[in-house]
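Novice: Chain residues, written in single-letter form:
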Amino acid sequence: GEDVEQSLFLSVREGDSSVINCTYTDSSSTYLYWYKQEPGAGLQLLTYIFSNMDMKQDQRLTVLLNKKDKHLSLRIADTQTGDSAIYFCAERGGGATNKLIFGTGTLLAVQP
Amino acid sequence: ETGVTQTPRHLVMGMTNKKSLKCEQHLGHNAMYWYKQSAKKPLELMFVYNFKEQTENNSVPSRFSPECPNSSHLFLHLHTLQPEDSALYLCASSQDGSVINQPQHFGDGTRLSIL
Chain A
1 GEDVEQSLFL
11 SVREGDSSVI
21 NCTYTDSSST
31 YLYWYKQEPG
41 AGLQLLTYIF
51 SNMDMKQDQR
61 LTVLLNKKDK
71 HLSLRIADTQ
81 TGDSAIYFCA
91 ERGGGATNKL
101 IFGTGTLLAV
111 QP
Chain B
1 ETGVTQTPRH
11 LVMGMTNKKS
21 LKCEQHLGHN
31 AMYWYKQSAK
41 KPLELMFVYN
51 FKEQTENNSV
61 PSRFSPECPN
71 SSHLFLHLHT
81 LQPEDSALYL
91 CASSQDGSVI
101 NQPQHFGDGT
111 RLSIL
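Line by line, the protein sequences give chains A and B.
Read in order, the letters of the first sequence correspond to residues 1 to 112 in my numbering.
Read in order, the letters of the second sequence correspond to residues 1 to 115 in my numbering.
These aren't lab readings, by the way, just hints derived from the structure by calculation.
Misleading hints may appear alongside valid ones.
[Stated by the list, open to error] BS3-like, lysine-lysine: derived pairs with alpha carbons at most 27 Å apart:
(1) A:Lys36 to B:Lys18
(2) A:Lys67 to A:Lys36
(3) B:Lys41 to B:Lys19
(4) A:Lys68 to B:Lys19
(5) B:Lys19 to A:Lys70
(6) A:Lys36 to A:Lys56
(7) A:Lys36 to B:Lys22
Generate coordinates for the entire structure from the input sequences, incorporating the hints supplied.
Specialist: In C-alpha cells, the structure reads:
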C-alpha cells in the first residue's frame with residue numbers, strides 16, 4: 001500500500017537551517033511534493049521533484065531525494081519566524097488520476 | 001479574485017441540518033478535489049472531478065454528496081452528519097486530473113463543526 005511518514009515536530013532557532021524528513025513506500029511514485037500550511041489557511045505548494053532527480057534547489061529551499069531508500073527531505077536555509085508552519089510531504093499515488101498521498105505533516109517551530 | 005476560494009470559512013451545524021460547502025477556482029483548471037483534514041490524521045482525498053465528471057470517490061459515506069456543475073465550481077452537500085465529520089474540508093484544483101505532475105492548488109478550507 002501507499003504510505004507517507006514524517007516526524008511530527010521540529011524546533012530550530014532563527015537563522016539556522018531546518019531539515020524536514022519524509023519516507024514513502026510507493027516505489028513507482030513519479031513526483032513528490034512539499035506543501036506548507038500556515039494556521040487557518042490551506043496548503044501552499046512549495047516545490048516538487050521528479051523521481052529521476054536527486055536534488056532540486058529553489059532559493060532557500062533544497063529538496064533531496066534518495067530513491068533507493070525512498071527518503072525525501074526539505075532543507076530550509078536561514079530559517080525565519082515566518083517559516084513556522086506545518087509542512088506536508090506528498091507523493092503522487094498510482095493509477096490514472098492525479099491523486100496525492102499526504103504525510104501527517106511536520107510542525108516547524110522557529111524560535112527567535 | 002485569484003486562486004481557489006472556499007465559503008463559508010467556518011460552519012457549525014447540528015446533525016439533522018442540511019448545508020453546502022462551496023469552492024470556486026479562478027485558475028482555469030479542469031480538475032477539482034475535496035479533501036478532509038482531521039486532527040492527527042493525514043489529509044484524506046474524498047472526491048475528484050475532472051472536466052465535470054467524477055473520477056474518484058474514496059469510499060466516502062453518502063451523507064456527503066458532491067456536485068460539480070462546471071469546471072470552476074465544486075460543492076459538497078452535507079446532510080445528517082456525525083460528530084466525527086467535524087474537520088477542515090479543503091478544496092483543490094489542478095489543470096487536468098488525469099495528467100501526472102499537475103500541482104494541486106488549495107483553498108483555505110471550511111472549518112466544519114458538528115454539534
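Novice: If a hint holds in the structure, say so; if it doesn't, say that too.
Specialist: Structure-based check of each hint:
no.	hint	result
1	A:Lys36 to B:Lys18	violated (32 Å)
2	A:Lys67 to A:Lys36	holds (23 Å)
3	B:Lys41 to B:Lys19	holds (24 Å)
4	A:Lys68 to B:Lys19	violated (47 Å)
5	B:Lys19 to A:Lys70	violated (42 Å)
6	A:Lys36 to A:Lys56	holds (17 Å)
7	A:Lys36 to B:Lys22	holds (23 Å)
Hints 1, 4, 5 from the earlier list are contradicted by this structure; the remaining hints agree with it.
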